[in-house]
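K.L.:
Spelled out from the first residue to the last, the chains are:
There are 4 protein chains.
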Amino acid sequence: MKRLLTFSQELLDRAVELGRKYTRYGEVADYIPELKKQNFQNVALAVIQNGEALYAGEVDTPFSIQSIVKVILYALALENYTVDELKRNVGLKPSAKPFNSVIELELSKKNVPVNPFINAGAIVTVALLHEIYQEKTMGVILNYVSKFLGRDVTYSQDIFMSERVSSFANRTLTYLMLTKGILPKDLEVEEVLDVYFKSCSIMVTCKDLAHMSYVLSNKGVNPDGTRVIDEDIARVLRTLMATCGTYDYAGDFAVRVGIPAKSGVGGGIVTASLDGYGLAVYSPGLDSHGNSYSGVRMLEFLSRELGLNIY
Amino acid sequence: MKRLLTFSQELLDRAVELGRKYTRYGEVADYIPELKKQNFQNVALAVIQNGEALYAGEVDTPFSIQSIVKVILYALALENYTVDELKRNVGLKPSAKPFNSVIELELSKKNVPVNPFINAGAIVTVALLHEIYQEKTMGVILNYVSKFLGRDVTYSQDIFMSERVSSFANRTLTYLMLTKGILPKDLEVEEVLDVYFKSCSIMVTCKDLAHMSYVLSNKGVNPDGTRVIDEDIARVLRTLMATCGTYDYAGDFAVRVGIPAKSGVGGGIVTASLDGYGLAVYSPGLDSHGNSYSGVRMLEFLSRELGLNIY
Amino acid sequence: MKRLLTFSQELLDRAVELGRKYTRYGEVADYIPELKKQNFQNVALAVIQNGEALYAGEVDTPFSIQSIVKVILYALALENYTVDELKRNVGLKPSAKPFNSVIELELSKKNVPVNPFINAGAIVTVALLHEIYQEKTMGVILNYVSKFLGRDVTYSQDIFMSERVSSFANRTLTYLMLTKGILPKDLEVEEVLDVYFKSCSIMVTCKDLAHMSYVLSNKGVNPDGTRVIDEDIARVLRTLMATCGTYDYAGDFAVRVGIPAKSGVGGGIVTASLDGYGLAVYSPGLDSHGNSYSGVRMLEFLSRELGLNIY
Amino acid sequence: MKRLLTFSQELLDRAVELGRKYTRYGEVADYIPELKKQNFQNVALAVIQNGEALYAGEVDTPFSIQSIVKVILYALALENYTVDELKRNVGLKPSAKPFNSVIELELSKKNVPVNPFINAGAIVTVALLHEIYQEKTMGVILNYVSKFLGRDVTYSQDIFMSERVSSFANRTLTYLMLTKGILPKDLEVEEVLDVYFKSCSIMVTCKDLAHMSYVLSNKGVNPDGTRVIDEDIARVLRTLMATCGTYDYAGDFAVRVGIPAKSGVGGGIVTASLDGYGLAVYSPGLDSHGNSYSGVRMLEFLSRELGLNIY
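Chains as they are written, first to last, in full-length UniProt numbering: chain A, 1 to 311; chain B, 1 to 311; chain C, 1 to 311; chain D, 1 to 311.
Bear in mind the hints are in silico, worked out from the structure with no lab data behind them. Wrong hints could be hidden among the right ones.
Intra- or inter-copy, both count: the list cannot distinguish identical chains.
Unchecked claim - In silico DSS-like cross-links for lysine-lysine, where the CA-CA straight-line distance does not exceed 30 Å:
1) K180 - K110
2) K36 - K180
3) K110 - K36
4) K87 - K136
5) K110 - K87
6) K185 - K110
7) K37 - K185
8) K147 - K110
9) K37 - K21
10) K21 - K185
11) K136 - K147
12) K180 - K21
13) K180 - K37
14) K21 - K87
15) K147 - K180
16) K36 - K219
17) K36 - K185
18) K180 - K87
Quick caveat: nothing in here was measured; it's all calculated off a predicted structure.
Excised from the complex, chain A in its bound form:
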């Protein structure tokens, strides 16, 4: 047994207090104009253990899910294909390059995106889903994300429109993959990108992410005992979160925190481990890699205090 203690309200409060001290160091994402509107002083922490929820900070504040949705998109792809089948389109390799690296894609073996948690990989994943679900894709995704989060969610039209007009990098990656034949020539580019941008614009709270964390950490099963995803899919997702979940900071994150986790530029971080608890944090100020600055510090604190490190 690795965990030394269980989460307590007092510990969560201390963690959030610590997180608030660091909010000034982060920078709210500004490449998507709508994201700049977030209050950088928001800090939240949510835990589910033994069927009980513990909260601290602004756990009900809505923010966009952003890259965290990549975990769920890949899960949905895994409902339709095996990992080995998907590897023909997107790898499982962690990367030392930023999430929107063109060089990484250009130099990768056969030009396949190195993993599904970088932008190119997530776009390929959406393209595969669009091939299956066609014009129903966004509906299917919203429904599937709702199962992970434990309540019906929807996307923000404002953030979607903001993503759409400012996402030159994602269009670069998409057209590069079309050039290289990674994406099919007859791809409906605008439809696929719209689904991707809408997926990133789904509004969540820290509470929702703790629910998602619980599902991933309990081998795919909800707090109420219903199964959301297959046990094996949950394992693959936890593994990818461990190696690729925090962009090119994943290696440092493993050393400092040691809990598989996926972050989004909206400020959320969702964790996943075999230890069975649900744990998520939120604070919109980001570090230079695109991870929540205060969020990483809070997770580091909790990992050390409770012995959550899996390594």
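Add chains B, C and D to chain A, keeping to what the hints say.
P.N.:
Chains B, C and D in isolation, oriented as in the chain A frame:
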């Protein structure tokens, strides 16, 4: 509790039998002429659990440690510097590129090698050790490696000479780092490279690597209870093995096997986890990434049979 | 005096005869479906010297101007800006990379396209023109191209539509430049790309290109004595044709042929030198660099026979 | 007839006066310690026309030939192989990258150096010469260079030693080419590099370079009428000087000056054209590309005044 069963002699025998079936798919490393001499049919598996050792296959066959020594070299660096200090010279980032990639180094942030387990990172590590220990460096390393392996080891003069004359790639990386100022201008290039090549040429057996695995997995303590390394150093090493231990296959390895591990082109793979057992495999035929082909299959088999996956 | 002889009908006929022998080695461009329809056996050669025109082969066959228009687009930019002003947006550097290289752009200094004759450079040029001429840009270009070619030209709607749907590489470059801030954030992407694709789809004949060659080679003056472009602009264009006119084959072309020239994937090659003659060739089969295979051989033959090499 | 005027002493004096004004903008090469010792205020200009020599400034000051020797090394290779044979080892492509670019080499087609005037290409050339001449290589080169310069030359031991200890970049390129199989596995690395460094350390004056310029510009023939090199070799060299002679500034140089030329970080620039005059300049302060700052300005001035531009 994740592990479902304990290792048994019967299971090890089945694993080795399986490993033997795969020997024909691997290719013995040929870029170092001396390595080609190994018998590709060798397969071995060694376990230490609850103070007891279990063996199957050619566990006493000597082979060169190769990249597995990078774990120990970085450990020795951590005896002298903190992780954060070392990050100025070598990162903690896993990589999607092969272990001798020049492009990766050329494009990496500030040209610092992305992690200590790629060649450039290990050479930087040796350079740091050489700065401290000067002409005694190789002696200090041999002594330190011996502590990890549980017996006095030495390097093979033949393999060392073979590495030395054929290692154009390592010289490329070294001079590139000198050009970029990552290595100091007055570096004694030949001395440092000799130490690196000699370290890679240290002769070990599968038994030795199981001992090393036990030390790493028992938070730095020997089977006889003596401490080899600090608990925190052991944790950092396990973490790096998880994210960077099997070259650009690390992400796939995590999904398929899920045990932190470090491989070497000599054919050995050493594992490390918090679950307390020592486990190492050996078979000299390599896959395209440079990992033991049969070794990976045996570990995959054992991980599935015993639930060793940490994710 | 470098030129040994003047062009004769007999020499042109021999050149075309030679060109026909090589048509089987070239490959008609297939990445733009409409281009595949060209007859690969077409070979043409047109010369204007001392006010007299000499023709051989299919000199009246229409084909699309393609990259040759980049010379005229840059000329139009030079009507509005100095070379030094334009260098802030597009360089003057020849390149060892293919015309649609993403890596070249990604790694170029400040991400500015290395020269106006690679696709990224031509797109930047069109964007600059669009800033000035807005919705009139295509009309201005058609008018300006007509002056160079000596008759009113228009573009092929079929080739334009074909370019538009198949030009993933050009969209990759455009969005990469938007990402890097080389192109302004509020760029009307579709309008600019349409102007670029339409410009490439302008239909010309070998006769037209000989006229263009004459203008460039006579310091900007038409056969009838009227000035088309400033003497200094003509010089800059000839220079860029010498160093960058035949893509990454420019260095080899200079050694083998030694006449400044610009090629297009439509199969045309237009030359320019201080020696005062107009000279153009056409044959749609291309070499691996995108230059007319037979065209290069005919120019090599004429250069040797007449001593046209400027070096 | 392109040239408007002939060189006069008065014009040379004005050019040198202009050159002196620019000396403060250049920076003397400092990556080779010995080069720093040069007086940055030195400016020289030497011309040979119609059998007569004209001089201005410090035309007798010795400096190291540096990259200008690459022209002569490639000439010597052309005495033994055809251009097409040499293309298997070194290309003819101009480059948008600096002379010591590792990326350029790593990404070049088949990893062959793009041209003989970048460092990698010159090292390959020396390796080819060493294969032929073995331990006599340096003697053969000194003899051959002497023929080009019109007097017996030798290299500076001090500069040679200085090059040798500071040339990490050249060793990087050499070992990368060994890794990639561009250079043969049994290459005598130190011997070859020594020949290369010694060649770069040959001491010349501006007068000597004017002699070399005259030979190149007179189709390989000395002022005294004796032939130094074949006419065809002289043409290839002039062409390469036009497209690759001033590193990644070659495209800009062609537009601003328009005379084929080769520069060296010692501060010399030698020109070559079909117009028959010999012309060289010298001033040790360099621009950011590695070309003599004042030298380029003087050539630009003379080109404009006398209409020397070949384009």
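K.L.:
Each hint: holds or not?
P.N.:
Against the structure, the hints come out as follows:
no., hint, verdict
1, K180 - K110, "both (9 Å within a copy, 20 Å between copies)"
2, K36 - K180, "between (34 Å within a copy, 20 Å between copies)"
3, K110 - K36, "between (37 Å within a copy, 27 Å between copies)"
4, K87 - K136, "within (25 Å within a copy, 47 Å between copies)"
5, K110 - K87, "both (11 Å within a copy, 28 Å between copies)"
6, K185 - K110, "both (17 Å within a copy, 29 Å between copies)"
7, K37 - K185, "between (38 Å within a copy, 20 Å between copies)"
8, K147 - K110, "neither (35 Å within a copy, 43 Å between copies)"
9, K37 - K21, "within (20 Å within a copy, 54 Å between copies)"
10, K21 - K185, "neither (50 Å within a copy, 35 Å between copies)"
11, K136 - K147, "within (17 Å within a copy, 53 Å between copies)"
12, K180 - K21, "neither (46 Å within a copy, 34 Å between copies)"
13, K180 - K37, "between (37 Å within a copy, 24 Å between copies)"
14, K21 - K87, "between (42 Å within a copy, 25 Å between copies)"
15, K147 - K180, "neither (35 Å within a copy, 38 Å between copies)"
16, K36 - K219, "neither (36 Å within a copy, 44 Å between copies)"
17, K36 - K185, "between (35 Å within a copy, 18 Å between copies)"
18, K180 - K87, "both (16 Å within a copy, 29 Å between copies)"
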